[in-house]
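Peer 1: What follows is each chain in one-letter form.
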Amino acid sequence: MNRYLLPGGVFLLLVIVLFIGIQRAPQKTVIPSALLGKPAPQFTLPVLGGNESFNSSSLAGRWHAINVWGTWCPECRVEHDMLLRIADSGALPLIGFNWKDEDSAALGWLQQLGNPYSVGVADRDGREAIDWGVYGAPETFLIDDRGIVVHKHVGAMTPEVWEREFLARLPSTAGASQ
Amino acid sequence: MTRWLRVCRVGLLALLLSSSALAIDPIELSDPALQERYRDLTHELRCMQCQNQSIADSPVGLAGDLRREVRELLESGKTDAEIREHLRARYGDFILFRPVFNWRNAWLWAAPVILLLLGLVVAVRVLRQRARLAATDTTSPDDPAP
Amino acid sequence: MIAELGHYALVLALLAAVTQAAFGLIGPAVGKPAWSAVARSATSAQFMLATISLGALVWAFVQNDFSVEYVASNSNSALPLLYRISAVWGAHEGSLLLWAWILAGWTLAVSWRSDGLPEGFAARVLGILGLVSIGFLLFTLATSNPFARLEPAVPDGRDLNPLLQDPALAAHPPMLYAGYVGLSVAFAFACAAMIEGRLDQTWARWTRPWTTVAWAFLTVGIALGSWWAYYELGWGGYWFWDPVENASFMPWLVGTALIHSLAVTEKRGLFKSWTLLLAILAFSLSLLGTFLVRSGVLVSVHSFAADPARGMFILIFLVMIIGGALTLYAWRAPLLRSEAGFEFTSRESFLLFNNILLVVAAAAIFAGTMAPLISDALGLGTLSVGRQYFDPVFLLPILPLLALAAVGLHSGWKRGRVTERRAAILWTLLASVLVTLLLVLGVWEGAKILTPVGFALGVWLILSPLIDPIDRWRRKLTLTPALLGMALAHASLGVFVVSITAVESYTRERDLALAVGEAGQVGEFEYRLTGLSGVEGPNYDALRGEVVVTENGKPVGVLYPEKRNYWVQRQVMTEAGIDMQLTRDVFVALGEDLGAGRWSVRAQVRPLINYVWFAAVLMALGGIWAACDRRYRREPHA
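Chains as they are written, first to last, in our numbering: chain F, 38 to 215; chain B, 9 to 154; chain C, 872 to 1509.
Chain F on its own, in the form it takes in the complex (with noise of 0.2 Å):
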């Protein structure tokens, strides 16, 4: 009598894993970063619409947030707002990571939109961005003054994530004057 009941069990355990799948349905998407407690690659960019290079060293010490955007992705439009909020905050700093696009078009996009980033950097071709495991923008890193990723955002940045995700990990000492 026990092993015709196996079918059933095996069933049964299928039945748990699909219904877990389905609750999980919307966080498919996600891939966690390989990145996350490891330290965040340096990088030597040119600046957007500048001849001179920026080296990531000089944020060194200091707890910063790489933002990874784009003229030619929607969601980046989406979350700018809430990028300008951020920068206002003074919270932390915030890089530009101008991902595969034209200095010219990141340039006029940010005067048109207003500019949240301390610094703006272009990675034309996306040699850089292929360091930091990025596949698709906007992504947003979060770097503690050791160096250490301790946190990446995929997809349009929401108050609800800043507050969450990234503020939440912050020391109170952090950042800017506030």
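Bear in mind the hints are in silico, worked out from the structure with no lab data behind them. What you are looking at is a predicted structure, and each value in this text was computed from that prediction instead of being measured. Using N, Cα and C, we set each Cβ at its ideal position, and we do this for glycine too. Incorrect hints may have been included.
What the hints assert, rightly or not - Here are the simulated DSS-like pairs of lysine-lysine, each with C-alpha atoms no more than 30 Å apart in a straight line:
no., chain 1, residue 1, chain 2, residue 2
1, F, Lys75, F, Lys137
2, B, Lys86, C, Lys1319
3, F, Lys75, B, Lys86
4, B, Lys86, F, Lys137
As the list claims (entries may be wrong) - Pairwise CB distance ranges (calculated):
no., chain 1, residue 1, chain 2, residue 2, range
5, C, Glu1375, B, Trp115, 25 to 31 Å
6, F, Ser95, B, Arg47, 39 to 45 Å
7, B, Gly69, C, Ala1042, 16 to 22 Å
8, F, Val84, B, Ser84, 24 to 30 Å
9, F, Gly86, C, Gln1452, 40 to 46 Å
With chain F's structure known, arrange chains B and C on it following the hints.
Peer 2: Just chains B and C now, with coordinates in the frame of chain F:
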């Protein structure tokens, strides 16, 4: 971002696959042996944006960037394992189509083997039992038509 | 108005299904034979109403009624008529209606052809099928109504996905669903037997033809999908182990095991609980496939509708139907043990291995397909599985199976008597090895490790099924359709194995960068791009390339690969240019504009590839031939 993935996934079979021809990448490496490895590697790596295609077959820009990365790594003399590890360190296990064998997915690789062994055990038991019965079983007809 | 009619008919069909299920199941339980007649009438009513409903949807498409949301999402006035009709099942809602209609049709067929069955049993079968119908109709009406109106109506629709504007892909879902639905008949037969607590050889004889025909449809459906992928998707691939492909392949594997297990149950009254379990499993996998495609739990290029609410509904339905069946199984199966025996080399023995190996293969594919989901659910992180997993894991049980099949075809029931056939077995093996050597050394150059294995097994499988029919013919014995159909099906499997081996071992491909007037070389074939022009179709405009192909200087043909731009959906599609010959396909697809007048062109030479699908169709025909054998239609002796 999630919108991108949704756009890639839901119902836009066509978007992915219709432009599949655009994934054709006629760039060839200097060395035919490298070209061979390039082909194999790019089929093994997942396009992180359109997630059920390899970077060899995906039309999106990210796939092209990743293919370029693979080419550059190959030409700089890295081994296949080093290249896979390079990308895995940046994108995580998900970028590899062949699941890396570690304790987390050992069950996946072991499952078919275990199932096969189980099947063989069952087969042997049944066969032994039935062969014993065959000696005494006179009820059923011999060799009916198929 | 017509759409509302269709909707109303669907509701009535649901009521008919409820009637069918209630009277079909309760009637025999309380001993009221008159109730079976009600179940039969309900079956006819359900089919008629489902036809009206589907007809209404077809009408809405043909008449370009864009006030119906489903029509507006999937059609367009510029869409050719054939595709306006096939658009009916081009997306989730309509495809469910098709499923329900096909189910109603098969149920009616069972009702008509069930004269040889005891009335109570037939009623129960119809009752079970009624339960399945209820599930699908309720799901459609509650979550996926194809007749929903669009307020305000739009002047024109969003057009059918260009990928689906193709004859093979238009036929693919109906064939596939016919297969899935047919497996529900086997399931219903199994449940009815379990309810009655009786399962004998006569039961197996009734169930076999239905199951074989269902399996044949499924075979054709899968082959159509694969063939379409080859010429339509632009890079010459034909199987990707995509979750939805796997969702159709797993029921096929289990269905194959089922038709073989039914043979044993019919002949010797053995493997009863195996057969029951396989029938439940085959149908479960069909339902599971439906779930996977429509619930968003899996990443797939093919997903119909990522909607967790729909997924939940199907899951509950799955639990009720399959859980119910498995409970019946746990209750009844222990009573079904037979005391018959068979020797080690008997046909039963080979078919036992057949059952086990096919189920192991299906389980391995299942594991790979579900792995990402399981891994995520257990919090083990995301997992990715591709052909690097599926290929070896599938071949592991299947290669031994092919060898066993080649030998097993010679074995007799109960006693085996394989040694009597030793000569035939060895000669066929020798012939296979010789042909393999010829192919690997003479015809083609180079080989992978599995190439000679594949060729040898394939040729052996072509030759082995021919021995018995030839022997009988020589001895002037009758050659029944059952025998010949079986021989054809197994020989076709051999053809399939040989052609897959050739394709996977000897395909040559290169990606060329050509400007007009330039040429590239792939082996002995030269591909010269001689022209690029703009052409227009009914709902697209295209860039058409003219590629002249020569082999060692001798002309092969002129191919016209296209890149089509469909106006409404604004998608770009490739149509490959294929030169199909007996021994190989020459394949050309246009890539992208590389600038400076150059275009990327994928050029391939694919040996024997058309036999892959040809063999599948032959296999299906073999099955249907066998199912037509008169012995399935004779009345049972009292």
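Peer 1: If a hint holds in the structure, say so; if it doesn't, say that too.
Peer 2: Status of each hint after checking the structure:
1. At roughly 25 Å between alpha-carbon atoms, F/Lys75 and F/Lys137 fall within 30 Å of each other, so this suggested pair holds.
2. For the suggested pair B/Lys86 and C/Lys1319, the alpha carbons sit about 25 Å apart, so the restraint of at most 30 Å is met.
3. For a cut-off of 30 Å, the pair hint linking F/Lys75 to B/Lys86 stands: about 23 Å separates their Cα positions.
4. This hinted pair checks out: B/Lys86 and F/Lys137 have alpha carbons roughly 26 Å apart, not beyond 30 Å.
5. At roughly 28 Å, the beta carbons of C/Glu1375 and B/Trp115 sit within the given window of 25 to 31 Å.
6. Distance hint check for F/Ser95 and B/Arg47: the Cβ-Cβ separation is about 41 Å, which falls inside the suggested range of 39 to 45 Å.
7. The hint said 16 to 22 Å for the Cβ distance between B/Gly69 and C/Ala1042, and at roughly 36 Å that hint is violated.
8. Roughly 28 Å separates the CB atoms of F/Val84 and B/Ser84, a value that falls within the hinted 24 to 30 Å.
9. The hinted range of 40 to 46 Å is not satisfied by F/Gly86 and C/Gln1452, whose Cβ atoms lie roughly 58 Å apart.
Violated hints, listed in ascending order, are 7, 9; each of the other numbered hints is respected by the structure.
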